[in-house]
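Residue numbers (our numbering), protein chains in the order written: chain A, 73 to 175; chain E, 54 to 543; chain B, 83 to 700.
Just so you know, the hints here were simulated from the structure itself, not pulled from any lab data. Mixed in with the good hints there might be a few duds.
Claimed, not checked - Taking CB as the label site, the calculated pair distances span:
1) 68/E with 149/A: 45 to 51 Å
2) 156/A with 682/B: 46 to 52 Å
3) 109/B with 160/E: 38 to 44 Å
4) 298/B with 254/E: 58 to 64 Å
5) 689/B with 99/A: 56 to 62 Å
6) 597/B with 490/E: 50 to 56 Å
7) 698/B with 156/A: 51 to 57 Å
8) 629/B with 256/E: 54 to 60 Å
9) 134/A with 696/B: 30 to 36 Å
10) 664/B with 121/E: 36 to 42 Å
11) 149/A with 696/B: 44 to 50 Å
12) 515/E with 664/B: 46 to 52 Å
13) 403/E with 678/B: 42 to 48 Å
As the list claims (entries may be wrong) - Derived coverage of chain B by chain E (criterion: at least 3 residues anywhere in the stretch with Cβ under 8 Å from a Cβ of chain E; other residues may be distant):
14) 94-100
15) 126-137
16) 235-241
17) 252-265
18) 651-664
Heads up, the beta-carbon is just placed ideally off N, CA and C, and yes, glycines get one too.
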Amino acid sequence: MIIPLEHFLIFAAVLFVIGLCGTLVRRNIVGILMSIELMLNAVNINLVAFSRSTSLDPVTGQIFAIFVVALAAAAVAVGLAIVIALYRVRKTICADEISLLKW
Amino acid sequence: MQNHLLSWIVFTPLIGALAVVLTPKPETGRIKWIALAAAALTGVFTLAAFLRFDKALSGFQLVEKTLWIPPLNVHYFLGTDGISLPMIVLTALVSILACIASFGIKEREKEYYALFLLLETGMLGTFLALDLLVFYVFWEVVLIPMYFLIGIWGGARKEYAALKFFLYTLAGSLFMLIGILALYFKSMPHTFDLTQINPAAFTLKFQKALFFTFFLGFAVKVPIWPFHTWLPDAHVEAPTPISVILAGVLLKMGTYGFLRFSYPLAPDAAAKFAPFMAVLALIGIIYGGFVALAQKDFKKMVAYSSVSHMGFVILGLAALNSAGFSGAMLQMFNHGIITSGLFLLVGVLYDRAHTRDMTAFGGLAAQLPLYSGILIFFSMASLGLPGLAGFISEFLVLIGGFEYNRLAAGLASIGIFLAAAYLLLMVRRVLFGPANLKWQGLAEINRRELVTLVPLMILIVLFGIFPQLILDYMTPTLDSLLTHMEGIFA
Amino acid sequence: MKFDCLVWLIPALPLAAFAVNIFFGKTTGEKAGWIAVAASLLSCVIGLALCAQVWGGKVFAASMPWFDAGESAMRFGYLIDPLAATLLFVVLVVGTLIQIYSVGYMHGDARYPRFFAYISLFMTAMLTLVISDNYLLFFIAWEIMGLCSYLLIGYWFEKNSAADASLKAFLTTRIGDVGFFLGILTLFHITGTLGFSDMLRVLDPQTNSAIFQHPLLPVAALLIFCGTIGKSAQFPLHVWLPDAMEGPTSVSALIHAATMVAAGVYLLARSFTVFMYFPTVLLIVTVIGTLTALMAAFIALTQTDIKRVLAYSTISQLGFMVAAIGLGSPAAAIFHLMTHAFFKALLFLGAGSVIHGTGTQDLRELGGLFGKMKSTAMTFLIGSLAIAGVPPLAGFWSKDEILLGAFMESRWIYLALSTAAFMTAFYMFRLVFLTFFGKPRNTHIHAHESPAVMTLPLWALAAGSLLIGLPGSVWMHHTFQSFLHLGHHAESAAAGMVMNVSIAVGLAGILLAFLFYVLAPAIPAFLGRILKPFYLLSQNKLYFDELYSAIAVRPFNQLADSVLFWFDKNVVDGLVNFAGIFTGFVSAMVRRLQTGLVQNYLLILFAGVLCLLYFEGR
């Protein structure tokens, strides 16, 4: 049985919105980072799904997905490092309390 | 045949600036001599250009032209004629004198002299560039060192003054940039080359818009009333040599811009705007004189007198006739040497007394006879005493102004009276009257300061008696400019 | 033409003396005076030789191109015609004598070389002015004289009064000079030339009558007259000259009596072609001159400072000359200029000698000096007789010429000028009697006669005051007037009558002074009490200083200080600063958007993406 493309897209969209909501409403920076991962993975699902159904060369999308995974891993590594550094200085990882970067 | 004399003139100070920057720390004492050598070498090159210049010709001479940015058709294009030659001579001279006057500066010498020389490159480039984009680049290059020179080595409110100077001039020149771009897109083929643009193809409406954008750029620099308020602030806060450069050279960049760009590129608009310019010039002359009269601060008084005197230049330009143009050019040069001298003298007094409040002095003539004699000499030159340089230029401007409009000449002569009033009131307050015991220890003017002043005095007397020496260089170019403008009117 | 190259030496020699004394003042020291005198004497020799040639009928003229003024070229040259030769003679002779006198008078002054440097520069300027052949060179010399006058009035600048007087003198004359300058521009605009000889050619009613229709020509004449009003201290710009007495007395004699102030009259005589065809302009000139003569004589009646009396007397006599020009007889004006230069220089130098000998210049402290200062007293008396108009001294002949001219033009002017002449005789002899006769009023003053270097010039000038009028007198058939070539000398049947009246007027003035100050010294005090308003008016110089301070000086300063400077600080600069403040204000609003919370930015980002998608999808 071939799952239709729409199902993938709806699933990815739902996943993306969950991630978006998480990013916007979470206070915990680690939570925000996790939510960003969700959004990235939603994109990955889209890439793989499209590569199977529409692309001429199915490998292209999968390569992109792997790139995204790799970069996301790197970004999270940096992000978590920042979070740890921040925690050491400010004793908090609540996003609302870190608003120094303004005028 | 190309020679690179003008490039040497423009870039020798820059090379000097590099040499200053690369001077190792233990050699700091030599920096001022390196800077002076660079300025003097520029002076030598300028002298060479002056000697090679054929004063009978009206076109551009000693031209250098190379394609610089091919996709935009920008040329590295330098050349000089009767309008720019006196200006580069003035710049080279005033720079040498200001450099000598800078010897008293002791803090952060390396940065100071590097910026100073960069400033000289900018000024010389502005006067020699014939490609609009290159001109604009040099024009802006002047701003940056000036900002730091006022902002770091200045007086009590230096940050305010530097910022005001920078933003005000920049705002004006951005309008000018719009004008330059408009010219570029209007010309066919697109070019920034001054000699390739044919104004006869422009409609009056375009010319007016063009003239207006350039006007805003140049008016701030001159400064034409009511764009003058940065000037007193900048002068008061700037260190003495920088005030000298500012009054001696920078102000002339504006009026030079009118003669070099606005008038040849938008002659019809120039004729249309002439009454407007004349009115602003008259307001500047009278208003500047009155406000100068109200000053207690010596330097501010001289700054406002510049507003008044530069008004004469604008009046001569607005007259749009031969006498007016010669007078305006001559006044640019004369104001440069006279006001530089006055600022140097203010500096001499300030270095010793640490105040510029004229009412705090009195009776210095008995104690400092030499200084007083020189100050009276420069005051007389500035108030237009016949026999000294300032008179001839004011006379020519007024002849031109009289041909243009009698009332204008009549009103401008109020400015002549006011100049006598504020300058002699200064002499009265500072030099005459009973000796003020507070200044008993003041030392007489020293040899180094004399070196900066005596060349100016010689020039003032020389051009006061033999104005033709310098007029010979200007007249062919100015006459051909007038013919060119009239050709387009027709 | 061997004289032509020598002409420029006349002003050049004093210029060289100026250069030596100003640059090497420390070295020249005591010799400074003699350097100046030597230069002046040499000029004098050359100049007098030239004058002799001109008297013989020659005219020296030459000019060369100077600089381009637009389409036309300015020229630089000299013109020595009878008019210039007369002035040359006066300036050289009187100037040299005064410099010799100054060697003694200024002896021991701290800035001795500088004094002679200024005097030499003044001589240069005055001589250049006299020999110049065009208005531009004339104006240049005119202004440099103004500078010298300024420097010499403020010579003792430590005194506030001297410093103020120098400022007042320069600024007041500058008002007139600006008018003169505009007049030159106007004239240049109309005629296209600034040369005196060319002007004569252009302004010729026979060949070029159209030019007289030019509406600006009378205006040009009036503007040129402004120069005279300023320099020759005519009403309403006369206020600077009395204050100018703050300078050393020899300066007052040279600059503020004999030469510079008379340059205004010379200017009118030079420009007479511009004036002569406009009766209204001539009338204005006459009225100003007469008014000045009368007013200054009235003020001189009650002054107590010996130099101030002489200053007002100078103003009054200059008024006579200006009136003479207005009455159409420039020859009489120049004649009076010449005689006045001699006797007024003599009087000032005599006053200087009195000040030198007694240390005061207040009439209320002087008296009885005749015995102690014989030479000074004798020469001063000769000068006073000359100015009072006693024949056959110089002043009589020249003043009589002017009165005759007035008599033929208008009885009112004649009456006014005769009144002024009467007052002249009176105040001069008031001065003489109060200074030299009676008993010393201040017994602490031990007067002594001045050295020979001062008294010899006095005697020389006295001889001049005696004799210089003769060439213009009836006895010599008005030779001088015909030599000047300034219009024909009018013969009139009334000449004898006018002459008798003016002798009577002069003698009456002297006798009245004798009555008041020698016979019955109580009378002046009594008159002062019963005519108190007039007495106060005269003593307070008609309140001109107070009036000008109220209507001109103070409003002028207030306009500068409280109106325009305020406007500049608050409105013009206020707008600039407002632009800055406004930008800051807007940015303060806008930057609220930057909360520092990354989630906010993200929300806005997504909202933006949604909007983009929405509009893209349509």
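- Against the structure, test the hints numbered earlier, and report the numbers of the ones violated in rising order. Going through the list in order, the structure violates hints 2, 4, 5, 7, 11, 14 and 15 and respects the others.
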